[in-house]
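Novice: Listed below, chain by chain, are the residues.
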Amino acid sequence: MLSDLPFFPKQASTLAGEVDALYLFLVGLSAIMSALIAGTLIFFAIRYRRGTKVDRSNPPEGSLALEMIWSLIPLAVVMVIFAWGASVFFKIARPPDDATSIQVVGKRWMWKLQHANGRREINELHVPVGRAVRLTMTSEDVIHSFYVPAFRVKQDVLPGRYTHVWFEPTRPGRYHLFCAEYCGTKHSRMIGSVIVMEPDEFQAWLGGGQAGVSPAAAGQKLFNELGCASCHSKESGSRGPALDGLYGSTVLLERGETAVADEEYIRESIVDPMARVVRGYSPLMPTFKGLVAEEGLFQIMEYIKTLEGERDARAERADAPAATPGALPETAEERK
Amino acid sequence: MTTHVHAGSTPKHYLIDGYGIRSWLLTTDHKRIAILYLASVTVMFALGGLFAIFVRLELLTPAGDLMQAETYNKMFTMHGIAMVFFFLIPAVPAVLGNFLIPLMIGAKDLAFPRINLLSWYVFVVGGLFSLYAMIAGGIDTGWTFYTPYSTAWSNTNVVPTAVGIFITGFSSILTGLNFMATIHKMRAPGLTWFRLPLFVWAHYATSIIMILGTPVLAITIVLVALDRIGKFGIFDPAAGGDPVLFQHLFWFYSHPAVYIMILPSMGVISELVSAFSRKRVFGYSFVAFSSLAIALIGFLVWGHHMFVSGQSVYASLVFSVLSFLVAIPSAVKVFNWTATLHKGRISFETPMLYVFGFIGLFTIGGLTGLFLASLGLDVHVHDTYFIVAHFHYIMVGGVIMGYLGGLHFWWPKMTGRMYPEWWGRLSALVIFIGFNLTFFPQFVLGYLGMPRRYHAYPEEFQVLNVMSTAGASILGVGYLIPLVYMIWSMRYGKVAPDNPWGAKGLEWETGSPPPTHNFEKPPEVVSEAYAYHEHPAEARHG
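Taken in order, these protein sequences are the chains called A and B. For the first sequence, numbering that gives the first Met the number 0 assigns the number 0 to the initial residue and increments by one for each residue that follows. For the second sequence, numbering that gives the first Met the number 0 assigns the number 0 to the initial residue and increments by one for each residue that follows.
These are computed hints drawn from the structure, not numbers from a lab. Incorrect hints may have been included.
Unchecked claim - Heads up, simulated PhoX-like pairs for lysine-lysine below, C-alpha to C-alpha not over 20 angstroms straight-line:
(1) B:K230 - A:K52
(2) A:K233 - A:K288
(3) B:K342 - A:K288
(4) A:K220 - A:K304
(5) A:K185 - A:K288
To be verified - Some chain B residues well away from chain A (every beta-carbon gap over 12 angstroms; in silico):
(6) L14
(7) G19
(8) L24
(9) F53
(10) F169
(11) I218
(12) A224
(13) V243
(14) L299
(15) G309
(16) S319
(17) T339
(18) H341
(19) L447
(20) L482
(21) W487
Just so you know, even glycine gets a beta-carbon here, dropped at the ideal spot from N, CA and C.
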């Protein structure tokens, strides 16, 4: 096994082998190229060193054929590498649909993680072997980067938005978790472990500890405390759009644009409500920026995801003619 | 050996045309300004090297035990800033380019001699500003100044340091303008574009980047300062800004800046490989145009620094394919230099050893660039020691080999003295060995997953770090040897003839050192560059 070689990193995810294959191909290619160049240099340097009696007649000044050969062949080779690298990248970028969701908040200098059942961890992440995991990540302060070398994945964690990373562990064990983007004084202490467990052990672990409230339940509590429901209700005449069935749907905005109501959109609508207002509603909502911590936003998100239901009212609005600036207040008037 | 006699009939050479500090500080002679730059960048290199010593010593052991994390972070930041902005970028163009471009094209001086002096003063003022900022408290953002850390979180001297870099940028812009105007307008009669030495082509390509790229850096620095002082919220998401925008702006300059460093060095290598194989550079026009291709494509690859930054996947695809493209003209140069040796009359003086060193280090640096341009692989090695190793091979390996090779080659022209050949060869070898021992283990460290900018690290990384630190101490010795013998040779070196290498090029047709106005009578060019085959029997001196 490659991982057992000295100076070769452990392979512990489905992606690791793919990345390593490309890496080893490139190592081989580089070795061959270096040997060719060095070999030619040394051969010429010895053969044509000053004073040797060798044929130096008609030295060529250049050769179009040679220039073509040594530009086009490398070009073809690097295009193959490009395609290979891109195909691996797409696998890294696209999580499987059935991946388990985990939320990550980076802050100087720790990783805070929360599982779907509410169990929280700091600087440690327990995951089961053989199951894809998708992390939704954000930062409370500066840019961090979530890096697990044994999984060959890395993703910057940005303040003010979500980024994602996924992996499927293949070997139980304890692996390094590093912050890879310099984040200040204790950057090198912003480290931890990913602990890959057998599925039954993991279930036992997940059930143990202070199980806590699930993020969705905590989110519902926050939702009510913040008074979100006073506007976002199903009753007709509500000031804000109903949120039932919102997650993953396509919403129609002013001026006929649309947006997919993904995590990014919902987060933005909470902290910067004026950015993309749903058509037919007045831009009345105040920002909740600073009032809800990143974990709170995650919890509200999880709560909103649980709201299933018909979206009739919204569909009606979507059918309405494109609003003109003048028409918007009228619509709001009608609703009152 | 024929020794050129300077006294009497010939005009005074530039080193004795005026004495005293005023004659240096108020000079408009491009050769003297080159010497001023030589002194300045040497000081910055020594400082940058000093910071590197502390970094490597700290990394000798896994625990962060030699210094506090704050201090370590300042050390690698100041190492990067001193080396990148105040050594690697100016070294070859401001010293060798300044000295040689007018000589190579048969001109009396650069097009704007006073602007040339101004650019040195601007450089010094910028350098002192940044030095002050570093000494009075330091800076800990890394040389990359990533936001929002630099704009909202760091408590160190971000703005003063950045102002120093901002000022220094204008020195670079002025030098680029000066070179470009000079190369266009001041070539000797008969010196057509395709008779220019490739050194001049390389500097022309470099000037394009200096003029077009550096203003973007200046703008970016202003925005950082506005964000930090005035809370404008350009990059800080807490105030509605976008931190990734900073990365786009920063790399829009700082990636092409790598070519500002490497292209002039490639120009040096073309001159040296030709002179020491006594042959015209193979595929002259391909080497010339590859410089321009690198300069232009180099502007379109910046996003390859951001494959894991949250940039769109499709943008990353485009940047990846363009990054692979820029590898081609670089490879073309290496192949042409290698082919130049074919049927040459090769000798192995110190400058030629640096040519081999350059090709070796640049090949490794270039090939590992393919790893980083590969999207799926870059995800793993980004921000690890793999990248640290890669850019040291390209930037430092490339610049140091070209700079020292060129400095040895033209030293007799610049000072009128020969450097000691044996010591020269020895130090070239020591530097090559030390360099590889320092940085090759870092590729392995990076693939193992050691992140860069780590004050402390897990124990399994220690062996490779010890190797790297050992290499760095050899490298340090390698740098000290030329520093000592070059200074020694200025007084005690053998007096140099006008053309000690029997090399072609207008700079060798005037005195060593050249007279103040370079040529006794304006030269006229009747043949192509590197016309070694026209007088194959002509022997070099000695």
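Novice: Compare the structure with each hint and give your call.
Specialist: Hints and how they fare:
About 73 angstroms separates the Cα atoms of K230 (chain B) and K52 (chain A), which puts this hinted pair outside 20 angstroms; it is violated. With a C-alpha separation of about 25 angstroms, the suggested pair K233 (chain A) and K288 (chain A) falls outside the 20 angstroms cut-off, and the hint is violated. At most 20 angstroms may separate the alpha-carbon atoms for a hinted pair to count; K342 (chain B) and K288 (chain A) exceed this at roughly 72 angstroms. Distance check on the hinted pair: K220 (chain A) and K304 (chain A) sit about 14 angstroms apart at the alpha-carbon level, within 20 angstroms; holds.
Taking the CA atoms of K185 (chain A) and K288 (chain A), the gap is near 27 angstroms; set against the 20 angstroms cutoff, the hint is violated. For L14 (chain B), the condition that its CB be more than 12 angstroms from all CB atoms of chain A holds, with the nearest at approximately 32 angstroms. With a least CB separation of 44 angstroms from chain A, G19 (chain B) remains clear of the 12 angstroms interface cut-off, as annotated. The beta carbon of L24 (chain B) sits about 40 angstroms from the closest Cβ of chain A, which is more than 12 angstroms, so the claim that it is off the interface holds.
Remark: the non-interface label on F53 (chain B) is consistent with the geometry, its nearest Cβ contact in chain A lying 16 angstroms away (cut-off 12 angstroms). At roughly 28 angstroms from the closest C-beta of chain A, the C-beta of F169 (chain B) stays outside 12 angstroms, upholding its exclusion from the interface. For I218 (chain B), the requirement that its beta carbon stay farther than 12 angstroms from each beta carbon of chain A is met, with the minimum near 21 angstroms. The claim that A224 (chain B) is not at the interface with chain A holds, since no C-beta of that chain comes within 12 angstroms of its own (minimum 18 angstroms).
With a least CB separation of 7 angstroms from chain A, V243 (chain B) falls inside the 12 angstroms interface cut-off, contrary to its annotation. Residue placement check: L299 (chain B) keeps its beta carbon more than 12 angstroms from all beta carbons of chain A (closest about 15 angstroms). Not every beta carbon of chain A lies more than 12 angstroms from that of G309 (chain B), the smallest distance being close to 5 angstroms; the non-interface claim is violated. Listed as outside the interface, S319 (chain B) is inconsistent with that label: its C-beta sits roughly 6 angstroms from the nearest C-beta of chain A, within the 12 angstroms cut-off.
For T339 (chain B), the condition that its CB be more than 12 angstroms from all CB atoms of chain A is violated, with the nearest at approximately 9 angstroms. Here H341 (chain B) does not stay apart from chain A, with its beta-carbon only about 6 angstroms from theirs, under the 12 angstroms limit. Against chain A, the non-interface label of L447 (chain B) is violated: not every CB pair exceeds 12 angstroms, the least being about 5 angstroms. At roughly 28 angstroms, the least C-beta separation between L482 (chain B) and chain A is larger than 12 angstroms, which holds for a residue marked as non-interface.
Once the 12 angstroms rule is applied to beta carbons, W487 (chain B) is consistent with being away from chain A; the minimum gap is 28 angstroms.
The structure shown violates the earlier hints numbered 1, 2, 3, 5, 13, 15, 16, 17, 18 and 19.
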